[in-house]
Each structure stands twice: as structure tokens, then as C-alpha cells.
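K.L.:
One letter stands for each residue in the lines below.
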Amino acid sequence: MTVHGPFSSIDISNTGLGYNKYWLDTIAHNIANVNTQTTPGQAPFRARIVEAMPLDTNTSLGGGIAVSDVVDQADDPAMMFDPGNPLADGTGYVQGPVVDLAEQMGNLILASRSYQANMTVFKEARDALQVTTTLGRG
Amino acid sequence: MLPPISGVSGISASPGVSGGAKPAGFGDAITKGLDSVANIEAKADGLVSSMAAGKNVQISDVMAATSKANLGMSIVNEIRTRGLEAYQSIINTQV
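Those sequence lines, one after another, are chains A and B. Under the numbering used here, residues 1 to 138 are what the first sequence spells out, in order. Under the numbering used here, residues 1 to 95 are what the second sequence spells out, in order.
There may be inaccurate statements among the hints.
Computed footprint of chain B on chain A, listed as stretches where at least three residues anywhere in the stretch have a Cβ under 8 Å from a Cβ of chain B [said to hold, decoys possible]: (1) 13-24; (2) 124-133.
Derived contacts from chain B toward chain A, CB cut-off under 8 Å, selection only [to be verified]: (3) Asp-61; (4) Lys-68; (5) Ser-74; (6) Arg-82.
Quick list of simulated restraints, FRET-style, between CB atoms [what the hints assert, rightly or not]: (7) B:Ala-52 x A:Lys-123: 22 to 30 Å; (8) B:Ala-29 x A:Ala-28: 42 to 50 Å; (9) A:Asp-69 x B:Gly-25: 50 to 58 Å; (10) A:Ala-78 x B:Ala-42: 47 to 55 Å; (11) B:Asn-56 x A:Gln-73: 23 to 31 Å; (12) A:Ala-117 x B:Glu-78: 27 to 35 Å; (13) A:Leu-101 x B:Ala-29: 53 to 61 Å; (14) A:Gly-106 x B:Ser-36: 39 to 47 Å.
Rather than coming from a laboratory, the hints here were simulated on the basis of the structure. Every residue, glycine too, gets a C-beta built ideally from N, C-alpha and C.
Starting from the given sequences, assemble the full structure and let the hints guide the process.
P.N.:
This is the structure we're talking about:
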């Protein structure tokens with residue numbers, strides 16, 4: 001993506017908005033599944049982790065950010081003794097999700113603040129360009 | 001849905017200017033500017049239509065496109081105003 005142009009700052013902050021929106025969506029998915037249990041032996045729910053990738057790092061200006069990969073969190077699931085649960089295995093255990101709610105809440109704050117920061121850049125760039133158009137007025 | 005603004009037909013360079021090279025054509029410059037703004041607006045229009053139709057469109061992309069269209073239009077309009085001011089000051093020269 002080539003972003004050298006009058007609107008490059010708008011384009012770059014737009015990539016930041018897109019990335020942080022994606023991150024927020026992922027956190028929503030992780031928090032929604034914070035109680036998703038599975039039978040031991042099956043694949044547990046694993047929190048999705050978004051990985052970032054800077055764009056156009058070989059140009060002087062740079063081109064913003066993109067999602068490079070989404071990986072699953074690689075911890076061991078918690079085992080809970082709950083023989084009455086229909087998902088329990090022969091020994092009475094169910095498998096919890098691999099997602100840390102506190103970590104996700106922290107990420108939620110980071111993601112929403114990053115989104116706001118990119119929005120501020122977007123607005124400032126737009127306002128600066130708008131004011132620049134009035135420079136020629138006598 | 002409003003059709004995108006199509007470029008105005010070029011204001012012909014004044015034939016009365018004698019001697020020297022043909023003027024660059026202020027009208028042509030404005031027409032070119034309007035054409036490129038029309039392109040940006042068409043893109044924004046497509047995104048707005050897609051979003052209104054419930055398609056999966058990033059809101060920030062729509063806002064970026066509409067902001068660009070708005071800014072582009074402002075720039076072309078300002079240039080037109082400056083050009084017109086120059087023309088008016090020449091027209092009003094006392095002889």
C-alpha cells in the first residue's frame with residue numbers, strides 16, 4: 001500500500017483503527033467464551049491472540065499496521081471436578097477454557113484506548129488539512 | 001442515491017489573448033481536480049451504500065473515504081475561489 005499523499009495520515013490512522021477494531025472483536029470472542037467448558041481429551045477453548053505487523057517499513061513514511069496472525073493461547077486448561085456436568089468424563093472432571101478474564105479485561109482497556117488514540121490522530125489530521133485549505137484566504 | 005459529481009466541461013481558454021504561449025488553462029486544472037474528487041466521492045459512495053445495505057464494511061473505512069471526499073472538494077473549491085478572485089481583480093482594473 002502506498003500512502004504518500006495528502007491523506008496519508010488519515011490512511012495510516014485508519015489502519016490503526018482497523019487493527020484495534022479487530023483486536024476488540026477478538027477480546028469480545030475470548031470474553032464471551034470465558035465459561036466454555038469441554039470434555040477432557042477434546043480440544044479446549046483457547047483464547048485468540050492477535051499479532052500485529054507494521055506495514056511498509058522499508059519506506060521512509062511507513063504505512064500503518066495490519067493483523068499478521070491470530071494464534072491460540074498455549075496454556076494448559078484447568079480441570080474442574082463436576083460429576084453432575086453432562087460434559088464430565090468418566091472420572092467426573094470437566095475441562096475449562098484457556099482464557100484469563102483479568103488479562104482479557106486488561107487487553108480490553110489497551111485496545112479501546114489504542115482505538116481512541118488512532119481516532120484522535122485521524123481527527124487531528126482531518127482538521128489540520130481542513131484548516132490548510134483556508135490558508136489562501138486573504 | 002445521488003449520482004457522483006461529474007466533471008464540468010472545460011472552460012475554454014480565452015481566445016482573445018494574443019501572442020505568447022497558450023495559457024495553461026485554469027478551467028482544465030479545475031476540471032481535472034473535480035474529476036479526481038469525483039473518483040474519491042464514487043469510492044466513498046460505494047462504501048456508504050455497502051454499509052447501508054448491511055454488508056461487512058469497516059466504519060472507519062467509510063469515515064476515511066467520506067473525509068477524503070469532503071477535503072478534496074474543499075481544496076478544489078478553494079482553488080476555484082482563488083482563481084476567480086484573481087480574475088475579478090483583473091476585470092475590475094481601472095483603465
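K.L.:
Next step is simple, just say for each hint if it's right about the structure.
P.N.:
Tested hints:
1. 13-24: With 4 residues closer than 8 Å to chain B, the stretch 13-24 of chain A meets the three-residue bar; holds.
2. 124-133: Result for this restraint: holds, n = 4.
3. Asp-61: Hint holds; Asp-61 of chain B Cβ to chain A Cβ min 7 Å, cut 8 Å.
4. Lys-68: 5 Å, holds
5. Ser-74: 5 Å, holds
6. Arg-82: Since chain A brings a Cβ to about 5 Å from Arg-82 of chain B, closer than 8 Å, the hint holds.
7. B:Ala-52 x A:Lys-123: 22 to 30 Å: Once the Cβ atoms are compared, 24 Å apart, the range 22 to 30 Å for Lys-123 of chain A and Ala-52 of chain B holds.
8. B:Ala-29 x A:Ala-28: 42 to 50 Å: For Ala-29 of chain B and Ala-28 of chain A the Cβ distance comes to about 49 Å; the hint holds.
9. A:Asp-69 x B:Gly-25: 50 to 58 Å: 52 Å, holds
10. A:Ala-78 x B:Ala-42: 47 to 55 Å: Cβ of Ala-78 of chain A to Cβ of Ala-42 of chain B: about 54 Å, so the range 47 to 55 Å holds.
11. B:Asn-56 x A:Gln-73: 23 to 31 Å: This hint holds: roughly 26 Å between Cβ atoms.
12. A:Ala-117 x B:Glu-78: 27 to 35 Å: Taking Cβ atoms as reference, Ala-117 of chain A and Glu-78 of chain B lie about 30 Å apart, which means the hint holds.
13. A:Leu-101 x B:Ala-29: 53 to 61 Å: 59 Å, holds
14. A:Gly-106 x B:Ser-36: 39 to 47 Å: 45 Å, holds
In the structure shown, no violation is registered for any of the earlier numbered hints.
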